[in-house]
Structures are given as structure tokens and as C-alpha cells.
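Student: Sequence:
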Amino acid sequence: MRRFSPPKILLPVMLILPALLVLLFECLKGQKALMDGWVSGFMAPAEQFLGRVWSLLPWFSVAEVLTALLLAGSAAWLIRAVVLLVRERAGRRFLRRLLAFASALLWLWAAVSWMWNAAYYASSFQERSGLKAEPYSVETLAQVTALFAQRAAEFSTQVERDGDGLFAESLEEVFDRGPAVYENLVQEFPFLELEPSVRVKPLFFSRLQSILGFTGVYFPFTGEANVNIDAPACMIPATVAHEMAHQRMVASEQEANFVGIAAAVTSGDPVFQYSGYLFGLVQLCNALALVDRDAWNAIVQQYFTQEMANDWNANNAYWAELSSPVEETAEQVYDSFLKGNDQELGIRSYGACVDLLVAYFGNNA
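Residues in the sequence shown are numbered from 97 upward in steps of one, following the working numbering.
Accuracy of the hints is not assured; some may be wrong.
Here are the computed lysine to aspartate or glutamate pairs in the DMTMM-like style, where the Cα-Cα straight-line distance is at most 20 Å [unchecked claim]: (1) 128 - 223; (2) 228 - 390; (3) 125 - 223.
Derived by calculation from the structure, the hints in this document are not laboratory data.
Could you put together the complete structure from these sequences and hints?
Tutor: Right, dumping it as C-alpha cells:
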């Protein structure tokens with residue numbers, strides 16, 4: 097009797113199974129109640145458990161190590177496949193290697209779909225909190241922008257600075273204090289509570305992240321929030337709060353931006369408050385300057401302290417220096433990823449958090 101070789105059966109199965117998982121996700125992602133149940137019942141607990149486990153290794157990002165190994169392994173695998181084809185004329189082995197590589201990509205696609213993309217189709221922060229972005233006037237936008245400028249100016253003199261007058265707080269201490277940042281905000285939005293809250297991790301290849309235009313990344317397969325520490329230090333505390341929002345299953349970038357800012361400015365920690373107000377001001381400035389440049393110029397003249405101006409200019413100069421086709425390509429890829437998951441604004445959704453800032457802080461302006 098002829099026997100089937102297990103590897104010959106295994107490869108088709110390893111192609112079909114992840115393809116079915118992807119297809120299943122695409123069929124079910126429109127059912128919000130099901131996505132809510134999956135995210136709250138399995139995805140969030142699993143990722144938060146992993147985050148606690150890997151927090152026991154605070155010295156490095158496990159996510160970064162896994163990513164480096166994946167990229168190096170993929171390159172070696174493909175190079176070996178080409179060698180088999182060109183040098184050894186091993187067409188069948190080359191095909192098997194390509195199919196195995198395709199299988200790995202399908203498994204990765206399935207894993208991303210079920211372990212992160214599902215959060216895009218679950219109830220949003222706005223739906224869970226009841227806070228809704230509503231239409232507002234240019235005057236209201238200007239008032240909230242002025243509020244953020246005023247508060248940023250107040251806190252700009254309460255943080256450590258270097259000889260050039262730039263923000264110089266210890267990033268190690270910022271990371272250590274990060275888990276406490278949400279303590280006040282969860283009183284208003286209890287669903288954001290995460291116990292225990294874990295420390296974010298610095299990225300070793302932070303400069304590469306800057307070249308690609310990213311200030312941080314949440315890695316769902318390890319539950320780690322990772323932060324680019326090459327970016328201007330004044331924005332890092334706000335970035336810490338932003339990435340921790342993703343740990344709390346706030347998937348939308350516009351909502352994670354808002355939640356991170358709200359957590360930072362309500363934290364009671366002057367370092368996070370300054371960074372949060374400054375980061376929020378960047379978002380508000382981009383919106384206000386488009387519709388009323390004179391109002392923005394007046395805010396700068398009235399509220400900007402020298403310390404605040406130093407940080408603002410350094411941040412702008414840093415990103416202007418790194419602007420390149422590589423960054424633009426990375427942004428286009430991420431933009432396509434967001435739009436592929438029904439984030440209609442794509443990468444512009446980072447700026448859409450202005451609507452939520454106006455809705456939340458408008459009464460205090």
C-alpha cells in the first residue's frame with residue numbers, strides 16, 4: 097500500500113488553515129457584538145497577560161527581538177531558496193520553500209487579524225465612553241487651543257532642562273512613572289483600568305523608527321508598548337501614555353491619541369502634564385492654523401514661554417531633518433493598513449483626535 101509522506105500533506109494544510117482563519121475573520125468582522133466578545137473575552141486578557149509576563153524582562157523589548165529574528169530568518173530563507181533554484185536547479189525544493197514562506201505570511205496575517213485588527217471592529221472608545229465628537233466653531237477650536245497653550249506654558253517651567261533649555265527629564269523615571277498615569281482617568285472611564293499596569297519599553301532601534309516616522313509601537317503578540325527614545329524627549333511622556341492606550345484596547349489612532357493626552361494631562365504628574373499639553377497643542381495647531389492662521393499666531397505670541405518655544409522648535413527641526421521618501425513610503429504603507437481596517441481617515445486619523453479634544457476640554461476653555 098502506498099503511504100503518503102507527512103510533509104506532503106502538512107504543507108497544504110498549513111496553507112489552508114490560516115487562509116480559512118483569515119476568511120472567517122473577514123466574514124465575521126462586521127458583527128460588532130461578536131468582535132466585542134472576542135476582544136473582551138480572549139484577545140485583551142491574552143495580550144495583557146503576555147504584557148505582564150514580558151514586563152519581567154524590562155531591559156529590552158521582546159517584540160523588537162522577535163521582529164529582528166523574523167526579518168533575518170525570512171531573508172535567509174529566501175536567499176537559500178534562490179540558491180537552490182539557481183545553483184542546484186532544485187525547482188521542486190524552491191517551490192516548497194516559497195509555499196512554506198507563503199504559509200508563514202498567511203499565519204501572520206491571520207494572527208494580526210484575530211489578535212489586533214479585531215479591535216478596530218469592536219466598540220470604539222467613543223461608544224464605550226459616551227463622549228462624542230460633535231461639530232464645533234473655529235472660535236471654540238481657538239479657545240481649546242489657547243487653553244492647551246496656556247497649560248503647556250505653565251508646566252514648561254516645572255520640568256528639568258539641559259544647558260540648551262530643552263526638556264531633560266530622566267526617561268528611565270518617565271517609564272517608571274508611566275503605569276500610574278491612568279489612575280485619574282480611569283475614575284471617569286473605568287473600562288480603561290488595567291491591573292496591574294505595566295511599564296512601557298524603550299526601542300533599541302529607535303533611530304530606525306524615527307526614519308520610518310513612528311514614535312512608538314504596540315506589539316499585540318507580546319502585549320508590549322514600545323517607545324522610540326530617539327524622538328524629542330519632550331514628547332516621550334505623551335507617547336508613553338498613547339502606547340498604553342493601545343494596551344487598553346483603544347485601537348483607533350485618533351482615539352489612542354486623545355486617550356493618551358487625556359491621561360497625561362489629568363495624571364497630576366507635571367512631566368506628563370507638560371508633555372500631554374504640548375502634544376495636544378501640536379494636534380490643535382495643525383487644525384487651527386489651517387482655518388485661522390492669525391488666531392494661531394496670536395496664541396503663540398500670548399502664551400509661548402521661551403522654554404516651550406525651545407521644545408517646540410526642536411521637535412519641528414528633528415522631524416524636518418528626517419523627512420525622506422523612506423518615511424513617506426512607511427506612512428503610505430501604514431495608511432493603507434489603517435484604511436484596510438475601516439479607519440477611513442487613514443494616517444490622518446492622528447489629527448482627528450482634535451474633535452475629541454474639543455468635545456472633552458471645550459467646557460473648560
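Student: Are the hints correct? Go through all of them and say.
Tutor: Against the structure, the hints come out as follows:
Distance hint between residue 128 and residue 223 is fulfilled; the C-alpha atoms sit about 12 Å from each other, no more than 20 Å. Straight-line distance between C-alpha atoms of residue 228 and residue 390 comes to about 28 Å, which puts the hinted pair past the 20 Å bound. With a C-alpha separation of about 17 Å, the suggested pairing of residue 125 with residue 223 holds against the 20 Å cut-off.
The structure fails to meet hint 2 from the earlier list, while all remaining hints are met.
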